[in-house]
Amino acid sequence: MSDLRSPTLARSAARRWFVRLLDDEVTPEEIAQWQSWLAADPAHSEAFERVKAVWDLGGEAATDDVRPGAAERAADRYDGSVPVAQLRAPQPARGTPWRAPPLRIAASIAIVALVFGGWRMQTPTTVDAADLLATQRAEHRSADLADGSRVQLGALTGVQVQLTDAERTVRLPRGQAFFVVAPDKQRPFVVRTPLGTVTAVGTQFDVDVGPDLLSVTVTEGTVVLDPRRSSWWARMLHGAVDPVRITANQRLLVDLSGASPAYVVQSVGDAIPWQSRRLEYRNEPLRAVVADINRYAEHPVIVRDAELNRLGYTGTVQLGAIEQWLQGLPLAFPIQIVRGEDGVVVLTRKS
Amino acid sequence: MTRAERDPIFDEPADRPDGQSQVERLFREHNDALLKFLRVRLHSDADAREAAQEAYIRLLQLDTPDQVSFLRAYLFKIAANVATDLLRRRAVQTKVETAEPDEVPASQERALQARQQLGAVQALLAQLPPNCREAFLRSRCDGWSTMQIAQHLGVSDRMVRLYLVRAIEHIETGLDDDGAAR
Chain A
52 MSDLRSPTLA RSAARRWFVR LLDDEVTPEE IAQWQSWLAA DPAHSEAFER VKAVWDLGGE
112 AATDDVRPGA AERAADRYDG SVPVAQLRAP QPARGTPWRA PPLRIAASIA IVALVFGGWR
172 MQTPTTVDAA DLLATQRAEH RSADLADGSR VQLGALTGVQ VQLTDAERTV RLPRGQAFFV
232 VAPDKQRPFV VRTPLGTVTA VGTQFDVDVG PDLLSVTVTE GTVVLDPRRS SWWARMLHGA
292 VDPVRITANQ RLLVDLSGAS PAYVVQSVGD AIPWQSRRLE YRNEPLRAVV ADINRYAEHP
352 VIVRDAELNR LGYTGTVQLG AIEQWLQGLP LAFPIQIVRG EDGVVVLTRK S
Chain B
194 MTRAERDPIF DEPADRPDGQ SQVERLFREH NDALLKFLRV RLHSDADARE AAQEAYIRLL
254 QLDTPDQVSF LRAYLFKIAA NVATDLLRRR AVQTKVETAE PDEVPASQER ALQARQQLGA
314 VQALLAQLPP NCREAFLRSR CDGWSTMQIA QHLGVSDRMV RLYLVRAIEH IETGLDDDGA
374 AR
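Protein chains in written order, with this note's numbering: chain A, 52 to 402; chain B, 194 to 375.
Hints listed in this document are in silico derivations from the structure and should not be mistaken for laboratory results. Note that the Cβ used here is the ideal one computed from N, Cα and C, for glycine as well. Any given hint might turn out to be false.
What the hints assert, rightly or not - In silico EDC-like pairs for lysine to aspartate or glutamate, Cα to Cα no more than 16 Å straight-line:
| no. | chain 1 | residue 1 | chain 2 | residue 2 |
| --- | --- | --- | --- | --- |
| 1 | A | 401 | A | 356 |
| 2 | B | 229 | A | 349 |
| 3 | A | 103 | B | 238 |
| 4 | B | 229 | A | 81 |
| 5 | A | 236 | A | 218 |
| 6 | B | 270 | B | 247 |
| 7 | B | 229 | A | 107 |
| 8 | B | 270 | A | 76 |
| 9 | A | 401 | A | 358 |
| 10 | B | 229 | B | 240 |
| 11 | B | 270 | A | 97 |
| 12 | B | 229 | A | 97 |
| 13 | B | 270 | A | 74 |
| 14 | A | 236 | A | 216 |
| 15 | A | 236 | A | 198 |
| 16 | B | 229 | A | 100 |
| 17 | B | 229 | B | 243 |
Stated by the list, open to error - Label pairs and their in silico Cβ distance ranges:
| no. | chain 1 | residue 1 | chain 2 | residue 2 | range |
| --- | --- | --- | --- | --- | --- |
| 18 | A | 78 | B | 237 | 22 to 28 Å |
| 19 | A | 187 | B | 225 | 34 to 40 Å |
| 20 | B | 274 | A | 367 | 54 to 60 Å |
| 21 | A | 390 | B | 253 | 38 to 44 Å |
| 22 | A | 130 | B | 253 | 54 to 60 Å |
| 23 | A | 133 | B | 274 | 55 to 61 Å |
Using the sequences and the hints given, assemble the complete structure.
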């Protein structure tokens with residue numbers, strides 16, 4: 052079972068594996084199971100690395116004054132059946148009211164998509180001051196925002212829109228969206244992603260967010276990407292880096308998958324091809340291509356080989372013909388396709 | 194094939210089931226997993242590598258190091274023991290010297306970023322229910338085993354694991370929310 056559709060699932064499995072491995076007695080069978088779990092999906096090892104980082108941070112942050120006293124422990128009735136955050140809820144918003152509904156991760160949005168997707172199919176939708184908008188697999192949608200801006204969502208994408216007097220904010224935890232921004236100098240238009248924040252005034256641009264890849268393409272005007280305004284995990288990976296400015300017909304690719312972060316600015320044509328149900332790539336890592344395809348393909352596609360993931364891909368994918376694209380891959384690249392029983396498509400290096 | 198049928202001159206050394214090459218092969222096969230496994234218990238990559246090397250030496254010193262199934266079963270067991278020993282040594286050392294200078298070369302900048310998160314992590318730790326917090330601190334900081342913590346708290350080891358999972362979850366999602374709010 053691949054966890055491509057749910058980072059939450061991968062993360063909760065990663066926590067349980069980590070704690071299991073802390074035990075005194077770990078059997079060789081469990082080690083083998085853990086290894087195959089890690090190898091099954093790049094998202095699994097990413098999730099495991101996150102847990103390790105959390106574990107390390109927790110130890111570094113611990114001081115003697117957080118140690119609970121005996122009386123405090125005796126009065127404790129917590130049985131671990133619910134997450135600690137739920138135990139503490141309902142919790143008043145910390146800081147600004149904006150933080151009240153914390154947008155956990157893409158998965159929560161995916162659930163919203165399942166629940167509300169049915170009766171929100173008409174396009175375009177008008178979005179009020181604070182709203183959630185999401186698409187399902189292979190679905191595209193477009194919505195007009197109350198400020199006159201328009202957003203077009205690619206497949207398996209969720210956004211949360213907040214329009215206030217000071218700022219127009221769109222949260223995009225994962226997926227792809229194209230923005231046509233109504234000019235308003237008083238209220239910057241801000242797209243917040245886990246890998247960085249993109250700010251624009253009046254412009255047209257596309258944002259594509261994966262687990263460790265971010266691509267921002269500008270078709271009109273200028274945007275600024277601030278990598279420091281990102282999740283704690285991405286900030287650790289970014290290190291100290293200044294905001295990057297991108298202008299029309301440029302694309303910025305941020306790759307956090309390697310040992311050190313990579314930032315590449317390319318020039319591109321003026322079209323955003325995914326809206327015509329076609330994806331065009333010029334020397335982009337295969338992992339980025341596969342991440343996009345997985346928002347459309349019926350069966351998840353997994354790349355097993357780290358080197359293959361970095362392979363530069365140039366070409367076009369017709370979103371209606373992903374199967375044909377897959378069949379053509381081994382002809383042009385050193386790639387072998389293996390199909391699992393559950394329909395999962397695994398790409399490995401041709402030996 | 195038994196050892197007696199083997200020609201010591203013409204057979205490939207890798208095929209010879211002598212202890213050293215078996216152990217070497219085992220390590221090559223499991224190196225990544227072993228380092229990841231050790232990294233769960235130890236708090237730096239350098240310590241994990243040190244422990245892996247020590248486990249390798251201990252395996253070579255075993256009386257019957259030429260039985261693959263035996264080696265595979267005990268590789269991780271021995272590595273876990275080495276890690277526990279190393280943790281104890283480290284606990285003594287860190288009281289003397291606070292930081293190991295050779296430990297943060299490539300990711301020094303990232304480590305610096307990480308430090309900025311410590312305030313947030315501290316707050317999240319303080320939010321944990323007392324027993325859950327105690328389990329986390331005993332395991333992470335004092336190196337206690339799950340069983341030891343279970344006895345200490347008077348709960349099952351299953352409950353201790355659940356506490357640890359919930360503690361990690363709380364810090365992880367708390368940091369995610371913190372990041373998203375920026």
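Quick rundown of the hints versus the structure:
{"no.": "1", "hint": "A:401 - A:356", "verdict": "holds, 11 Å"}
{"no.": "2", "hint": "B:229 - A:349", "verdict": "violated, 33 Å"}
{"no.": "3", "hint": "A:103 - B:238", "verdict": "holds, 11 Å"}
{"no.": "4", "hint": "B:229 - A:81", "verdict": "holds, 14 Å"}
{"no.": "5", "hint": "A:236 - A:218", "verdict": "holds, 10 Å"}
{"no.": "6", "hint": "B:270 - B:247", "verdict": "holds, 13 Å"}
{"no.": "7", "hint": "B:229 - A:107", "verdict": "holds, 14 Å"}
{"no.": "8", "hint": "B:270 - A:76", "verdict": "holds, 8 Å"}
{"no.": "9", "hint": "A:401 - A:358", "verdict": "holds, 12 Å"}
{"no.": "10", "hint": "B:229 - B:240", "verdict": "holds, 11 Å"}
{"no.": "11", "hint": "B:270 - A:97", "verdict": "violated, 25 Å"}
{"no.": "12", "hint": "B:229 - A:97", "verdict": "holds, 12 Å"}
{"no.": "13", "hint": "B:270 - A:74", "verdict": "holds, 11 Å"}
{"no.": "14", "hint": "A:236 - A:216", "verdict": "holds, 11 Å"}
{"no.": "15", "hint": "A:236 - A:198", "verdict": "holds, 12 Å"}
{"no.": "16", "hint": "B:229 - A:100", "verdict": "holds, 9 Å"}
{"no.": "17", "hint": "B:229 - B:243", "verdict": "holds, 13 Å"}
{"no.": "18", "hint": "A:78 - B:237: 22 to 28 Å", "verdict": "holds, 26 Å"}
{"no.": "19", "hint": "A:187 - B:225: 34 to 40 Å", "verdict": "holds, 37 Å"}
{"no.": "20", "hint": "B:274 - A:367: 54 to 60 Å", "verdict": "holds, 55 Å"}
{"no.": "21", "hint": "A:390 - B:253: 38 to 44 Å", "verdict": "holds, 43 Å"}
{"no.": "22", "hint": "A:130 - B:253: 54 to 60 Å", "verdict": "violated, 46 Å"}
{"no.": "23", "hint": "A:133 - B:274: 55 to 61 Å", "verdict": "violated, 36 Å"}
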